[in-house]
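Enquirer: Here are the chains, one letter per residue:
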Amino acid sequence: MKKFHMIIDLEKCVGCFNCMLACKDEHVGNKWLPYTEEQQKHEDKWICPTMTERGEAPYTEVTYVTRLCQHCDNAPCAKKYPDVFVKRSDGVMLIDYRKAKNKDLVDACPYGMVSWNEELGCAQKCTGCSHLIDDGWKEPRCVQTCPLRALQTVYCEDNEWDKIVEKQGLKPITDGSNKPRVMYKNLYFYNKCFVKGALCFDQDGIEEAAIDAKVELLVGGICVAQTQSDFLGEFYIDRIPKNSGKMQIRATYGEFEPIIADFEIKTKSVVLDALKFGGGSGKPAVILPNEHANEQALTHMIPKDAEAARKAFADKK
Amino acid sequence: MTTLSQETLEKSLKIFNKTIVGGTLFTLDKLLNVLGGLSPKFKQELKEHNITVQLRLRDNSYGRWFTFQDGVVSGRDGINKDCIVEMIFDDEASARRVTALIRSQFDFVNAAKQGQIVLNGPDAEAMWFSSLLLKVFAFDVLYLGNYGTKMPNGEMRYVTGTNGGPLFVYVKDDKIIRVTPIDFDNEDADMWTIEARGQKLTPPKRTTVAPYAQGWKQMVYSPNRCLYPMKRVDFDPDGDRHYENRGVSGYERISWDEALDIVSKEMVRVRRTYGPGSIFASTGSHHNWGSIGYYLSCAKRFFNCIGATMCMHNPDSWEGWAWGGQHHFGGSARNGGTEPYGTVEDCLKNSEFIVFWSSDPESTSGNYAGQEGTIRREWINKLGIPVVHIDPYQNATAAFVRGRWICPRPATDSALGIAIANVWMHEGLYDKEYVEQRTYGFEKWEEYVLGKTDGIDKTPEWQEDITGVPARTVRALARYWGTHKTYLACGSMTSFGSAGRAAFGTEWARVCVCLIAMQGLGKPGVNFGTLQYGTPLDTKFWFPGYADGGFSGDFMTSGAGVALYNRMPQTPSINSEYQAIPRLLLPEAIMGQEVTWHQLGVYSVHSQFMQLHYPAPGHERVRMYYKYGGSHMGTQPDSKRYAKQYRNDSLEFVVNQSVWFEGEARFADIILPACTNFERWDIGEFASCGGYIDKSYLQNNSRVIFVQHKCIEPLGESKADFDIFQEIANRLGLWQVYSEGNTEYDWAKRYYEATDMKRVMSWNQFIKKGYYVVPPCSEGRRDPVAFRWYAEGRKKDTPELTPLPSEYYGRYGESLQTPSGKLEFECQTLKRFDPNDEERLPICTYIHSWEGVGSEPYAKYRLQLISPHSKYSFHTMGDLKDTCINDIQEHRMLIDGHRYWIFRMNTKDAEERGLKQGDIVEVYNDRGKVLCGLETTERVPQGICHSYESCADYVTLENDPGGDDTTEIMGCINNLTPGRFITKHAHGLSVNSCLVEVRKWEGGKVG
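Sequences listed follow chains S and F, in order. Under my numbering, the residues of the first sequence are numbered 1 to 317, in order. Under my numbering, the residues of the second sequence are numbered 10001 to 11007, in order.
Since the hints were made in silico from the structure, they are not lab data. Virtual Cβ for every residue (Gly too), placed ideally from N, Cα, C. Certain hints may be false.
[Stated by the list, open to error] Label-pair ranges, simulated between beta-carbon atoms:
| hint | chain 1 | residue 1 | chain 2 | residue 2 | range |
| --- | --- | --- | --- | --- | --- |
| 1 | S | E160 | F | E10779 | 33 to 39 Å |
| 2 | S | E160 | F | L10134 | 58 to 64 Å |
| 3 | S | R98 | F | N10153 | 19 to 25 Å |
| 4 | F | R10832 | S | F256 | 52 to 58 Å |
| 5 | F | T10596 | S | T299 | 26 to 32 Å |
| 6 | S | N159 | F | A10189 | 37 to 43 Å |
| 7 | F | G10716 | S | E38 | 19 to 25 Å |
| 8 | S | N191 | F | E10244 | 56 to 62 Å |
[Said to hold, decoys possible] Listed below are the simulated BS3-like cross-link pairs for lysine-lysine, each with C-alpha atoms no more than 25 Å apart in a straight line:
| hint | chain 1 | residue 1 | chain 2 | residue 2 |
| --- | --- | --- | --- | --- |
| 9 | S | K317 | F | K10860 |
| 10 | S | K311 | F | K10984 |
| 11 | F | K10860 | S | K316 |
| 12 | F | K10175 | S | K41 |
| 13 | S | K31 | F | K10175 |
| 14 | S | K138 | F | K10205 |
| 15 | S | K31 | S | K87 |
| 16 | F | K10205 | S | K185 |
| 17 | F | K10908 | S | K283 |
| 18 | F | K10769 | S | K138 |
| 19 | S | K185 | F | K10382 |
| 20 | S | K167 | F | K10382 |
| 21 | F | K10916 | S | K268 |
| 22 | F | K11000 | S | K316 |
| 23 | S | K311 | F | K10860 |
Input sequences plus hints: build the corresponding full structure.
Expert: As C-alpha cells, this is what we get:
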C-alpha cells in the first residue's frame, strides 16, 4: 500500500514560513473530526521552520530546519500511550482527540512536536492533513504552499521509499532509531560545520586576493578535502562533522611558501580571515570604523555637515 | 426588388422599437415580482421603497408607470404625472438599446452621457430604482450566487487577488475555510521553457504566494477589524471636538447614517467655509487588491468628484533611481526603472556572473509576485553562475542563493562602486568601444574617479575606510566583473533597493548605471536584472493593471491615459484642485508651515525639477483629513511627527476609512469600516501594477488574470470602499457622477469587456472558474531583450509606449530618454538644472552621509541601522491584526505576552552592551525610543544593525502619541529614522542613514 513519507530539503527552503501559516489556515477555526479538533490560533505550531546560522559575518550561512511530527514507525509516543497515538494504515500517526486530555502526552514526543491546546485542553499534532488526503487532495497544506517544494510528500510503498532514501542520501534529523517517515536532505547545513576564509598576498605594497589557490583540508596531516579559492580569494569547505577536533588548512599559491593554518572543530564553524601568503595576516573582511575612517568621512561630507560633525566630536572630547 | 423609402424605413423601425420597448416594459413588473419570489434578498430590496416610477419617451408618445408597494410591483400603461421617479428616454431607438435585456453597457453609458436617458427624482429613490434595473441583468450572479466552482464536498471555491499572489478561497456557509495558492488544471496553458547551457528550465504549473497572502484568512477574521462605524467619544461635531485627545480617547459605535451624515456635512462645511484645497486626502500603501475598488480607481474617482488636496507620495521603493539613476539613462515612466524584457532568458543563457547589490527579491517578492522568482534564482546554482551579494545585511536572497557576501557600511555603496570603476579605468577592463559610441561625458567622470579634479585617486584603498570592505576584495571583484559578462541585480525587481533609500542614495543608483554602461548595457549577458522581472510571457495580450486607473476616469494622474481610458469608455474625472502636500513633509504642512519641494513626474526626466509650494496659490490650508488605506506611521521617517499632526486644532475633522483599527485609524474622529476584497467584487491580474511599473506581471511564471469573487458577505457592518464612497457621493448629489450608476460588479464586468479577456473566455465561464492563464509565447514570439536595440544601435523594439514622443531629442524611438540620446556619465539634465548642486552633481560622486560614521550624531550613537522593506508583511499589510503571521519568529518575538518587533544586531555588539538573544531592548536616538525584541546574529557585521520598516501600529507606552519623550512599544522603527530628504532637491526618504544606540529595557512589562 502507498504510504506517507516526507522529504525536507534544507537547500530549497527560503524561510517563508508558508508551511506554518498554511497549517494554521487549515486548522485554526476549522475542526476536522474525527481527525482532529481545531488548532490553537497562536503558538502551538504543528509545523515550523527554525532559522539557524553558522559562521560569522561575512562568512555566514543561514538555513531553516523545518520540524513537524515525524510520523515514526517506532514511535516513542505510541509506545507509551498506545491507545492515544494511533497509526493509520498509510503510516500517518494520529492522536485520538477524545483520549488526548492528558498534558503529559506533550512530553511523549522526543521531537517536541506534540503541542498542548490550552483552550481545548487537549494534546494535538500534525495529521498529515489526512482529512484532505482522504478527500482526494494530493498533498497536505504545508507542501501545497511551499514555493520550491522544500517540503515534499511521497506516497509510495515502503520498499520504494528505502530506495529513494538511499539514492537521495536522506537523513533522519536524529539517530533514526524511531524510524521516522520524515527525512531530510542537505541536513549538513544544520548539523555539520564548515571552514571558510580568505587568502591574500602582498604585491608592490598592495594587498591582493589570492585567486585559484589550492586549498586542502588536512586531518592528521592527510588531505580529506580539497578546493580552490574563488574570484575573491575566499574558500569554503563544508560537511565537517561536529567535534572533529584539530585539523589544518593547507593553502598553496604560486611560488609562495604554503600556508598551514591550524584550527579545531568543536560545535561551531570556523572562519580564517584572512590568511596571507608570505606571513602575517590580511585585512579582515569587515574593517571596523576607526579615527581614520572618521577623517575620511569628513573629507567627503557636505561642508555644513562636516562642520557640525567636527563640532560634535570636539564637544565630546 | 422592392426599395423602401427612407421615410418608410424610419417609420417601421420606430414602430418596431416602440413595440420592443413596450414589450420589455410590459414584462418588467412581472419580471421583478418573479425575481422577488426567487430571492428573499431581492424581495427585501424591493421592499425598501414604496414609490411610483414613470418610464416614458420624451414626447410622451409611450409610457408605463409602476407602483412599488411592500415589495410587490404593478405596472400600468400611460403617463402618471405624480410619479416620484421618472426615467425619460429621448426616443424609441435609445429606449430600445437600453431596455433590451441583452444590451450593451457601452450603449447605456453613451446614452446617459448624451442625455438620451434622463433620470429625475430624489437621489435615494432614483438611485434605488436605477440600481434595481441593473441588478436584473446580474440576478443569477448577485442573488443566486451563480459563480465560483462547487467542490465535491460542498465547499465553494472562489478566487481573489492579493498583493502576495492570487488565492483560491474555499467557502462554506458564508465562512472562509481556507486559502491556497492556485494549482493549474489540465485546461490551463502549459508553462514556458528556457534552454540554457544544455539544460531545459521550466517552472512548475502553479502559482506561489507570499506569507502575507497565505495568512489572509486570519486578516479577514482579525479581531482588530473595524466592523462598525465609530465616533471618538469626546468628538462633538457641533460642540467641543477635543483635538488634543486624538489617538488617546476611545470610540463609540454609531449608525452608518449618522457617520455618513457627519462626514458629508463636514465636507460641505469645510469647503464652503475655507474654499478649495481645504479637504485633504491620502491613500496608504497597498492593503488591498483589485482594479475597481482600490485606491487608484474608486478612491481617485471619489476624491476627484469632491476636489481635494492630495498627498503626493515619494517613490519610497525607487528613491535613488527616481532622483538619481534616471538622469543617466531615462526611464521616467518607471520612476527611473529599467526595461525588463527578455532579461531572465538572457541572464540564464549568457551571463557569467551576477552581482546582487542591495537586492532582496526573496524578501519583498519582487513586488506583489509571491515566490514566483524563487525558482529562477534556484536555477542560478543549477547552472553554476557565480554570485556576489552586496548589502549590509545578509538578506533572504543572499541566504538562499548563497555565494559571496560583501557588507559595506550603509550609504557608502557609491564609494565601493566608484572604486570598481577606478580599477576598470586603471586596468582597461571595460568596453571601450561601447563607451565611445554609446555613451556621453565619460571623460568628465573619469577625471573625478581618477582624482584629476580633486587629487584623490578613488582606488579600492581609498574606499576601505569609508565602506569597511578590504581593498583587495573590491579589486578582485572589479577584475572578475570586468572580465565576465555580468548581470547587475539592483533592488527587488530592478531599480529598487534600500541602498537608494539612504543619504545621497541617488549616487548609489547612479554608480550602478555608470558601471553597467562601462560594461555595455544591453549586450548579451550584460544587463540589469535579478531574475525577478522579464520572464518570457505574452506582453501582447492586453489586460491593464491596478495603476492603470480602473474606473477612475482620471487619464492624467493614473496609467489610464496610456492604457485604459480609450478602451473602457467612462466619464472623465479630474481633480480641479492642484494643491498637494508631499508625504514626507505632511506633518509640517498640516501644523502650519509652508513647505516647498520637488515633485517626481513620470512624463519626463526634467519634470522632477518643478518646484511646488504648499499652500498653493488660490488654495486654502487643509482643514479636514480623509485618510484611506494603510498608515504612514510605519512606513515614513521620523514617524512621531505623523502622530503629532493630529493632536491640535489645525485639522478640524479627521475621517479614517480603514479595514483594521490600527496606526492612523486610532487618530480619527469618525472611523468608516471598510471590508477586505474577499467581501466584495473586483477584477485583476497577478502582480500586475501597470502605470508606474509597466508589465510588472513579467515577474511571474505565468500571467494569471482573475475575477475577484465576493467570497463572503462583508463582516459586521463593514462595506466595500466603493460603496462607502458611493454613499457619501449620494449625500452630495454625486451618485451618478461617481459611479455612473454602476455597482462594483458592473464595473468589473465592464472592465473585462474592455480587455482581451473577452476574446478568450465568456464572462460566465470566467466568473465560474475565476481565472485564466495567458499562454506564454513560443520561443520565436518572445520579446526582444531589454536595451539590446540600444547596444546594437537600432530603433527601440521593446514593447512599451514610453518614453513619450517629446522625450526624444532626435528621431523618435532611436535613442534613450536623455538629451544626448545616449547613456550619460555627465547628466545634462542635472547640469542644466543646477551644475553646482554639491548634493547631486552632474557626475556621480561619493558624498558621505550626514548620519554615518564620523558624522555629528556618530559622537553619541555608534550603530548604523538599516530598515529595509519587510519580509513577512507588505508594508503594514500583514503585520499585527492578531494573525498567525505574528507567530513567525523571524517577524515578531513573543516575550512576556507581548509580540515585539525584531531588532537584529551583531553578536559581539550585543555582548559589548551586555545584551543577549531574546532581550527586550530599547533602541533610541534623539528622535525617539522604540522597544524591540533582540535577535543577535551574524547576518550583520559589527557596527550595523537591522530592523524592518512598516510596523502596522503605533502605540506609546505613555499613551501620549507624538509626545516628545515617549517610548513606542509596537516596533514602529521609523520613529528613529531621519526625515531629511536623500538630497535636497528630491522628495525622497533616507531612512537607511540612521544612527542609534541600544540598551536593555528596564521598564518592566508592557502591552
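Enquirer: Against each hint, give a clear statement of whether it holds in the structure.
Expert: Status of the hints after comparison with the structure:
no. : hint                            : verdict
1   : S:E160 <-> F:E10779: 33 to 39 Å : 37 Å, holds
2   : S:E160 <-> F:L10134: 58 to 64 Å : 59 Å, holds
3   : S:R98 <-> F:N10153: 19 to 25 Å  : 23 Å, holds
4   : F:R10832 <-> S:F256: 52 to 58 Å : 55 Å, holds
5   : F:T10596 <-> S:T299: 26 to 32 Å : 31 Å, holds
6   : S:N159 <-> F:A10189: 37 to 43 Å : 38 Å, holds
7   : F:G10716 <-> S:E38: 19 to 25 Å  : 22 Å, holds
8   : S:N191 <-> F:E10244: 56 to 62 Å : 59 Å, holds
9   : S:K317 <-> F:K10860             : 12 Å, holds
10  : S:K311 <-> F:K10984             : 23 Å, holds
11  : F:K10860 <-> S:K316             : 8 Å, holds
12  : F:K10175 <-> S:K41              : 17 Å, holds
13  : S:K31 <-> F:K10175              : 13 Å, holds
14  : S:K138 <-> F:K10205             : 15 Å, holds
15  : S:K31 <-> S:K87                 : 20 Å, holds
16  : F:K10205 <-> S:K185             : 24 Å, holds
17  : F:K10908 <-> S:K283             : 19 Å, holds
18  : F:K10769 <-> S:K138             : 20 Å, holds
19  : S:K185 <-> F:K10382             : 16 Å, holds
20  : S:K167 <-> F:K10382             : 19 Å, holds
21  : F:K10916 <-> S:K268             : 18 Å, holds
22  : F:K11000 <-> S:K316             : 24 Å, holds
23  : S:K311 <-> F:K10860             : 13 Å, holds
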